[in-house]
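> Now for the letters of each chain:
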Amino acid sequence: MINVGTGKDSSLDVQKAAIEATKRALSETGNKANLIIVFSSINFAKKELLEGIKSVAQEAKIVGCTTGGEIIDENVGEGNVAIMAIETDTIDVVVDYEEKIKGREKEAGVKLAKKIKDVSKKELKSLMILVDGFVNGQELIEGIQGVLGKYFPIVGALAGDNFQFKKTYQYFNDKVLTDSAIAVGFCGDFSFGAAMGHGWKPVSIPKGINKAEGFSIEKIEKGTGISLYKEYLGEEADQLTKEPLSTISLNYPLGFEVEGSKEVIIRTTVSATKEGSLTCAGPIIKEGKVRLMVSEIDEGIEAARNISKDALSQIKNKKPKLAIAFNCICRYKLFGPTKQKEILAIKEVIGKDVPLIGFYSHGEIGPLDSKNKDFSFSVLQNSSLCIYLLAE
Amino acid sequence: MNNADVKLKLKEKEKEIEKLQKQLQKERLDFDSAIKLLTRKDVKLVITQQELEKKILDLERAKEEQMILRIRELAKARDIENKTAQLEKLKESLLSALADLNKARKEEEKEKNKTLAIIQNFVDGIFVLDNDNRVLLVNPQAERFLDVNGNDLIGKDFLELSHLPTLNLILNAIGKEIKDIFRKEVKIKENLILEITIAPVMLKEERFGSLIILHDITREKLLEKMKSEFVSIAAHQLRTPLSGIKWGLRIILDGEEGELRKEQKEILERIYQTNERLINLINDLLNVARIEEGRYVYKMSYVDIVSLCMSQIESLKNEIDKRDIKLDVEIKTRIPKTMVDIEKMNLVFQNLLENAVKYNKRGGKILVKFEIEKDNVKVTISDTGIGIPEKQKDKVFTKFFRSENAIKMETEGSGLGLFIVKNIIEGHGGKIWFESKEGEGTTFYFTLPIYSQSDFLEM
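From first to last, the protein sequence lines stand for chains A and B.
Start counting the first sequence at 1; every next residue gets the next number (my numbering).
Start counting the second sequence at 393; every next residue gets the next number (my numbering).
Treat the hints with care, since some could be wrong.
Selected chain B positions facing chain A (Cβ under 8 Å, derived; list incomplete) [what the hints assert, rightly or not]:
| hint | residue |
| --- | --- |
| 1 | D422 |
| 2 | D424 |
| 3 | S425 |
| 4 | V435 |
| 5 | V438 |
| 6 | I439 |
| 7 | Q442 |
| 8 | L444 |
| 9 | K447 |
| 10 | K483 |
Here are the computed lysine-lysine pairs in the BS3-like style, where the Cα-Cα straight-line distance is at most 27 Å [to be verified]:
| hint | chain 1 | residue 1 | chain 2 | residue 2 |
| --- | --- | --- | --- | --- |
| 11 | B | K446 | A | K333 |
| 12 | A | K201 | B | K446 |
| 13 | B | K407 | B | K446 |
| 14 | B | K433 | B | K502 |
| 15 | B | K414 | A | K289 |
| 16 | A | K175 | A | K47 |
| 17 | B | K709 | B | K766 |
| 18 | B | K446 | A | K207 |
| 19 | B | K787 | A | K230 |
| 20 | B | K596 | A | K242 |
No lab work stands behind these hints, which were simulated from the structure alone.
Here a beta-carbon is modelled for each residue, glycine too, at the ideal position from N, C-alpha and C.
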């Protein structure tokens, strides 16, 4: 049995908003919950939020984080507390967290995975992680994969802070954390679907990466990082040096080839230095060649539909009990006024009455290519959408 | 095919492949150039789109702002309308208040006019002065009485108007300052006597000026004079025959014309007494008439007033003894001689002592006291008689007054005595007053200034 309810509130009184949203979510689960997932705007990152939730859902484990925008059912926006209450006796939910992970993401990933693995009595089937928005998420994933296996299904995202780019928070029971990673292990007898995609198409001739460090590309074949943009976009590429997350950043991310796969790993170029070095919103995959990507809003929406279909097919087209969407803040910006269309497209596929929660993140975590077993391992993406479905 | 052929063919194929690869590479580059062209166009498109979107957003925002502005303008307009309505209302209420005010002013004006009309037509002459004694108002009657033009006096200091002959007379009567005065007579000319009263004009508890009322008493005075003259003539005409009767009776009573029987003597004695009273009454009337005519001439002499008093006590000795009254005379210091009209002073002592005796209890007491107070002789005559009723005290010195209890006790008496006494004392520059309690007694005090002979001559 899995009962799920959702609720949201945008009252300025943090505790009141938390209570109201939780009450609404609990009203659909018989006022009981094992797990409360909470995504909120940065202004709710206070102890009162968790106290409010706790006051109406005493038994529930609470996990969550701050966002760059909340998704709850067909609603998209900022300034909300979004709550999903899950009441189940079929799924064993195991939660834990790691603090002070920046600079030791891989180690934190290992530790976190071990904690979850050790506690879960039933079979650990999938893992959801909610991570600080300014750490190396890819390394954390690799740490977890080191424990649970390369192909273990991991979904999740890096927290947001409503485009302030200063500090994100993670919620764990009664704690408001930062620089941490929360893990939720789903164990037991149930089915799930996890799919990730984006709708971006490569346009340029692939270029080898000559010099890269961390999140930056200094040099590619025959030029600096920015030369790639200049070659294809001309003068307009200079925007990258002028403002972070400019039109160029949002419309032309980079795609890193993964040997053997038709899929690429997407990195949003946040900005460029005067010297021509590019800074991305995730670690650079040095081994693969890099290409310029293009897309269109309609393509993006079509991608969301396909991702949802993919996830749904994994649960053999059963009706999902719940859906969680990890979307990118770039898509939030890029889609602008049409961003709700993307969410409606998801709901159209998974079922309009399926409870949906999600948020816009600094990085999405999910399988690179769920259709190809060899490349179904989880990675950190930018400008992507990950859908996670749970069913009986 | 032999090996060489195969090799040749292979070479040809390789060349072909190379050619194809070159062609492919060329096509790829061409394609890439095309892509570059397209991506550049795309970015331009994206940016243009972005700009357009931004413009649309701006336009929408502007439209919104414009709408907000419009709404604000409407609100403002409505506000202005409201304010206008409020102002209209205010104006209305102001106008109505003004109308009320005008009405009130008219009422006030009317009231003022009424008051003015009353003042203007008042039978008495009226001057209204402010606190600085400046003339605020003169009514026509006052103008007529004093033969002045009111307009010439308005705003002038009343006390500085002595250059006008009529006002000079009034100012002489008033003195050097405006003080409350009650009924002071001033003869303005032969046929005009005014009675001046000065009263404060109070508004709530504040004095804002003075009212000078000139009341014409010419006719009253004339009547009074005529009455006095009549009384005087009548009294003179009566006194001569009464004196004749007196001396006739005296001769008969003294037995000079033969012995009288006891009954005859008693009857004649009563007639003699009655005649005496008549003579006294006529004397009183004559005195009063003289006082009122202002010809109560004082024949001053340098005398010892104590001895004057003693001789009057002596002449009342029989009455005092008859009533068993104890009379004491107390003289604490030596009383100097002073200038008095002997005849008039005798009248004073006679009247006061007679009252003390007549209205005393049987076996009562009389105390006569002489003292010096400053430059005055103070005489006190107190009795243990019937006293004067409280409510009649203020009439004691008026003509023909007799208190109720006095009438009960003594049917006879002219009621002129104390009037005459007061006039005599004041005529000498003295003062007279009394203290009394009904049923316990009365004390009369009077003072006389002590004049030496030389003082008097110098005067």
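> Could you work out which earlier hints the structure fails to respect and list their numbers in ascending sequence?
1, 3, 8, 9, 10, 13, 14, 17, 18, 19 and 20
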